[in-house]
Each structure stands twice: as structure tokens, then as C-alpha cells.
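In order, the protein sequences belong to chains A and B.
Under this note's numbering, the first sequence has 183 at position 183, and the numbering climbs by one with no breaks.
Counting from 1 along the second sequence, just add 1000 to a position and that's the residue number in this note's numbering.
Keep in mind that the hints were calculated from the coordinates and are not lab data.
Covered by chain A, per the in silico footprint, the following chain B stretches (three or more residues, Cβ under 8 Å):
#1 1002–1008
#2 1296–1307
#3 1320–1327
#4 1395–1406
Cβ atoms here follow ideal geometry from the backbone N, Cα and C, with glycine treated the same way.
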Amino acid sequence: MDFGLSHEQTLLADNVSRFLQDRAPLERVRRFAEERRDDDIWQGLTELGIPGLLVAEEHGGVGLSCLDAAVVAEVLGYHVTPAPFLGTAVAAPIALAAAGAAQHERLAQIAAGRLRVGLAVGEAIGTRADAGVTADAGRLSGKALFVTDFPADCYLVADRHRRLHLVEANADGVGTRALTTIDRTRPTGELVLNGAPAEPLGDDPALLERVLDVARVMLAADTLGAAQSMLDKAVAYAKERRQFNRPIGSFQAVKHMCAEMAAEIEPCRAMIWYAAHALDHLPDEAHSNACQTKAHLAEVGKFVAKTATEVHGGMGFTDLLGLHYWFKRIGYNRQMLGAPELLRDEAARALGLYDTA
Amino acid sequence: MDLSYGPKYEAFRAEVRDFLEKHRDQAPRSGDGLRSERTLAWQKLLIEHGYAARTIPKEYGGYGAEPDILASRIIAEEFAAAQVSPGLGGQGISMLVPVLLEMGTEEQKREFIGPTLRGELIWCQGYSEPGAGSDLASLTTSARLVRSQGERQAERSSADGDEWVINGQKIWTSTAHLADWMFCLVRTEPDAPKHQGISFLLLRMDTPGIEVRPLVDMTGNANFNEVFFTDVRVPKHQIVGERGQGWLVANAVLKHERDSLGNPDATLSRLNALIALMRRETLDGRPLIEHPVYRDRLMKLHARVTALRCNDLRILSARINGGDAGLARLIVKLQGTELRHELEGLAIDVMGELGLAYGDNPYLRDGGSWQFQYMFFLGLIIGGGTSQIQKNIISERGLGLPKEPKVETR
Chain A
1 MDFGLSHEQT
11 LLADNVSRFL
21 QDRAPLERVR
31 RFAEERRDDD
41 IWQGLTELGI
51 PGLLVAEEHG
61 GVGLSCLDAA
71 VVAEVLGYHV
81 TPAPFLGTAV
91 AAPIALAAAG
101 AAQHERLAQI
111 AAGRLRVGLA
121 VGEAIGTRAD
131 AGVTADAGRL
141 SGKALFVTDF
151 PADCYLVADR
161 HRRLHLVEAN
171 ADGVGTRALT
181 TIDRTRPTGE
191 LVLNGAPAEP
201 LGDDPALLER
211 VLDVARVMLA
221 ADTLGAAQSM
231 LDKAVAYAKE
241 RRQFNRPIGS
251 FQAVKHMCAE
261 MAAEIEPCRA
271 MIWYAAHALD
281 HLPDEAHSNA
291 CQTKAHLAEV
301 GKFVAKTATE
311 VHGGMGFTDL
321 LGLHYWFKRI
331 GYNRQMLGAP
341 ELLRDEAARA
351 LGLYDTA
Chain B
1001 MDLSYGPKYE
1011 AFRAEVRDFL
1021 EKHRDQAPRS
1031 GDGLRSERTL
1041 AWQKLLIEHG
1051 YAARTIPKEY
1061 GGYGAEPDIL
1071 ASRIIAEEFA
1081 AAQVSPGLGG
1091 QGISMLVPVL
1101 LEMGTEEQKR
1111 EFIGPTLRGE
1121 LIWCQGYSEP
1131 GAGSDLASLT
1141 TSARLVRSQG
1151 ERQAERSSAD
1161 GDEWVINGQK
1171 IWTSTAHLAD
1181 WMFCLVRTEP
1191 DAPKHQGISF
1201 LLLRMDTPGI
1211 EVRPLVDMTG
1221 NANFNEVFFT
1231 DVRVPKHQIV
1241 GERGQGWLVA
1251 NAVLKHERDS
1261 LGNPDATLSR
1271 LNALIALMRR
1281 ETLDGRPLIE
1291 HPVYRDRLMK
1301 LHARVTALRC
1311 NDLRILSARI
1321 NGGDAGLARL
1331 IVKLQGTELR
1341 HELEGLAIDV
1351 MGELGLAYGD
1361 NPYLRDGGSW
1371 QFQYMFFLGL
1381 IIGGGTSQIQ
1391 KNIISERGLG
1401 LPKEPKVETR
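Model the full assembly from the supplied sequences, consistent with the hints where possible.
Here it is as C-alpha cells:
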């Protein structure tokens, strides 16, 4: 019995963390937010093997587990790192792995950091506005909103029947447009498809479920990292900032806010380890756990984002401190791939608590 | 990450199950009192098999096994799953015995541990006072050493006397009305700084000068009491540790209490009971579980229960590997009791007017346990270090935030 991270997993987190501290500090995040491009960071992460974490070794990847990927996701969230992680390094390797040798070239390109894959599956969770994609004889039509890792070389698209397809960005009938969101560290866009040629990735809707579950746990881990970072900043600030001749962290009103954040965050760590472990080892629990973990982190993240900002007082509200990058990252994670109410409903169904019929 | 217990422990689990299968008929039932024959015989059987008092040395009446966290865990899991009494608990077994093992004299260990484990001695804990709650170290119940009449008549002269004389009052004393003995904190060095002036004494509850008055709590039960001391005389040797060391002893005990509250397995079984309730009870003819608003609240709690269960596994794993889970451990009392209170409260909410039923109401559901536990857990949120004290501990010890500056007191 060993419930926790292995030595290798701790080392992996330390390595990625050290790299991001040196090469992707807040100034670089700010620059990315303006220029929307920073190949150095992705290049550095590629040298650390991040895009190939979930790509099997026979395709040139590292072939690690979902728990390893969650450990990395947490570090990326901690540093609000702008990187095409969710679609490219998480969703695509899982979606393409089923096809095996037929997708060898793409998988190898992903592992080498040369191929970016956007995730266009939001409509599988709930259709907003006029979105929705239909497939007909190998061609896709319709709109996919809030596509991740944008702009990408190709896109994983879910159709209305919960089947996955791969669409090349430069194919005929593919229109793309960037969509501004609150989170400037996660470039997002939309696809407008007009009979665009697509490669189907099988008929089994279970593949989409699997991709969604793994991606949800990664978003939850990203929120955990971002929330932990906000707590660390709030605690540091509360120790340093003085009012009424004493550090504000000595006032119970302030220290209790910090304690409440820690009390909410700490169990999330174990919850994410368990959910990530379940993705690989406990198939019966994987789906409900992924939904519940993401929903729970959305709630804890929201609470921490607000509370940590308040501990910083007026400074927390300014752009000067940059705390809002974490606030917005947590907000983005909350809505993507299922807002908490939808995921709790999904989990209740998965647990057999009620029939939809 | 390895969630398996391994073949050795699975074999042990099978043994425990086998025992439960064979002997569960002998276990006490809900009506059996603490001193009933059935309760005492069951406790004896559990100790013989190492399912109670497992790691207490044999010479003091325990089973004498090496500490093995996983084995203890398996025992707890299996007894809970079989819904069979895991033997006696109470403050004597869970708090005093560990203290005596650590700080008691050889005579004290031999005199008290065995009978306490067997359920022959029931203890109560005399810590809190009307003026000393969260600030326990400011307690004022006094004990003074004096020469007893016997000593005076014998003209033996000892510098400080041979009897403690206790005066003052304790409050929130659970089971004081049933207990044979009390372990308590008293001020013996009035001139020393407050933490260094306290001693840990043991005394018989039938000593003249002790008066126990029951305190009815909001649930309608009277499990705790006020205890008044008027010139209560206790032999000098009934002290644990040295004079003035009582605070150290008390802290060891309080830490133990904090760790044992907020049991996530018990919370899970209440969650399952809540789900069963929501499937069974209806609103406008539809099961409550089908109402999206109630279901969403249920699922929110479900996620929090899962998070705390995972947190508990992390703490367990850290302990097995000789580590300390740090913050993960410090938050357990706060989060465990608050979550449980909310869970019981949700059951009342989903029942609406039915949730108000209490006592002999014919519409009572689940024996009234939801209202009872809802109130009972509010007591646990306050007792054993309030949620606000827990937040001080988390922020000061866990996050390193500065203590509140001391206000000059007189």
C-alpha cells in the first residue's frame, strides 16, 4: 500500500517546475498574453518530454501514466504556463493510440513537439449557441466553439453522435477564428466546417468518453496547481504586508481565510491522485471520479481564486501583481469540458443514482 | 501509487472475516449497557483475538502485537462493514491508556490499564472549565498538597504533605455520571506561568466532595455534566508525570482526540444512508433523488466525502511509511466535522417538514437519526478544539502565519 507519488513522479514535477520558474516566469506569461505565441516555452517542455508523456514508446513517446500527466498538469497550472497541453499532449495521444500503427506518424510528430492538436469536443457536453457538428460520408459540417490549443495543425472534433474525427487545419472547408476569452494563457478558437474532409477515429463513443475523462482530470489538476499557487502567494503576502503595526497574517480574520483555503485544497491533492490512478487502473470508477473530481476542483478553485485575491487587498485587483492570470485560469478550467453542475449530474447517472429514462 | 494491501494482509482480512462470521452472535446489541455481561464478554473475546487493545503490551492486559497500521485498519474496516461492535471505546481506552503507557509509573500502568481495557473501569475526562474552554491552560480548579489527618496524628513530617485537596469546577464532562474514575487537569503551582502550573491527577468519582450535575444538551440527551469539587482529598501518588507537567500530558491526549475525529468511513456510511433515504422518500410522488436541485446538493457532498476519504488514505500511507502528512492531517478535524454536519443537514432539507419530526412523531424517519446527528455534530464542531481554533492551528502550524500578538492580561 502506497498512496502517493513515487520518487520519479516527484522528480518529474521538480524538473518541470524548475524549468518554468527559470524560463517562463510571469513576465513571459504576460508577453505571451500580448503576442499569443511563445515557442521557447513549448520547445523547452518538449526537451523535457512533456508532449510525449502519454505517447507510447514505440511511437517515440515516454509512455507514462495518467497520474504522471496529472502531476505535470498541476505544475503547469501552478505557473499559469501557456502551452498546448490539453489537446496536444493529453487528448490527442489517447484518441490516436487506439488506431495504433496507422497513427504512428502523427504520434511521433506530437512526441517531437512538432504537431499541435486542438480539442473541439465542447458540444459533446452541452451545445451552446449555434454550435454542433454533423458527419456525413467522411465530411464534417457545422460549428465547434471554444476549441483548445488554438491555432493547431489539426483538430480532434466530436460530432453529434459522439464519434471523434481528425480534421487538418488547412483542409478544404475548414474555417477558423480566434475567440478571445478571459484566460489569455490558453488561446482558444472556433471551427466552422463546410463539408471538411475528416478521418474518423472509430464508431465507439467510449473513445470520446475516455478522452473527456482524462482531459477533465488534467483540468482539475491544473486548477489544483493554480489554487495552490494563489494560496502560497496569499500566505507570503499576509506575512509581509503590515497594517495596524502588525503583519496582516496575524489577524484571525486573515489567517482564517488562509486556513480555509488550505483546508479545501489539501484533500484535492489526494482526490486528484486517486482520480488519475483510476483512469489507468480502476475502469469502473474512472468516469464518475473524473466528473466528480473536476466538479469539486471547480468549486474549490472558485473559492480560492476569490479568497486569495481578497487577502491581497487592492493589490490583488490590479494588473500590477498579475494575480488575475491565476484567477482567470481557474475560471477557464471551471467551464471547459463540463461546468460543475453538468458534471455532477453526469456522475450521478454514472453511479446509477437515477435513471435518465 | 499502489492501493493493494498485499497477500499477507488479505490473508489477515480473511481471518478477521472468519472471526466475525463465527462470533457475531455474541456481539453486544444496541440496548446493552457499558457494564452488561454481554459487552464485557465481547470485549474480553476481542482482546484475546487481538481485535481490541491490539498493540497494548500483554503484561498490562493487551494483546501485545507490534504496531501495524494496516492490520488495525483492516480490523476497523471489517467490523464496520459487518456492522458489529468493534469493542469498547471511551476516553479511558482512547486517551488515558496511551498517556499512562507513555507517562505513567509502573504501578499506575499495572493498576489501571488492564481493568480499563476490559471495561471494568469507566473514566471521564476533567479538562474544560466554565472559564477555560479554548484557552484551556487558564484553568483554575486548584489542588494543594496538605498533610492528611493520619499523617498529622502519626507526627510524620513531610515538607509538602501527602494529599491533594481539590477545589473548583469542571464542565462538559462526558460520562461523569457513569464513570468510576476521572483523569483531570488542576492548577498546582499558582505562581508559575499558566502552562507550567498544571498537573494531571487521577481520582475516584466516589471521593467525598464531588458533585455531578447532568447538563442537558440540545439533542435532549444528558451525556455530559458539570462536576463540582469541594475539598476533595486525593492521595499524593495519584499524579501522572511530575508536578507542573500536566500540560504536556494533556497535549498528547488532545492530539490523539483530534486525530480520531471526523472518521471518513463513518461519513461514507451516512452518505449511503442519505442516498437510500432520497430514493425511498418522495415529493409529489417522485423520489427525492430525481429532483435535480436536491441531487446536485447531494453530489456536491459526495465529492467532498470522496476527497476526504482520499485524504485519509494519504495520511494512512504516510504513517505506514513513517512520515507525517502535515497539512493533510491538520485539516481532518475541521473538515470532517463540518462535512458531517452538512451531510446530516441535507437529509433534513430534502425531507422538508418530515425532517422536523423528532421523538415519538409517527412520521419519524430512520429513528430520528438525521436531526439527532445534525445537532450532535454541531457539538463535535465546537468540542475538542472549535473550528476556529482548528483554523488557528492550520494557519500557524501548517502555513507558518504569525500568532496573534498577546494581549496584556492580569
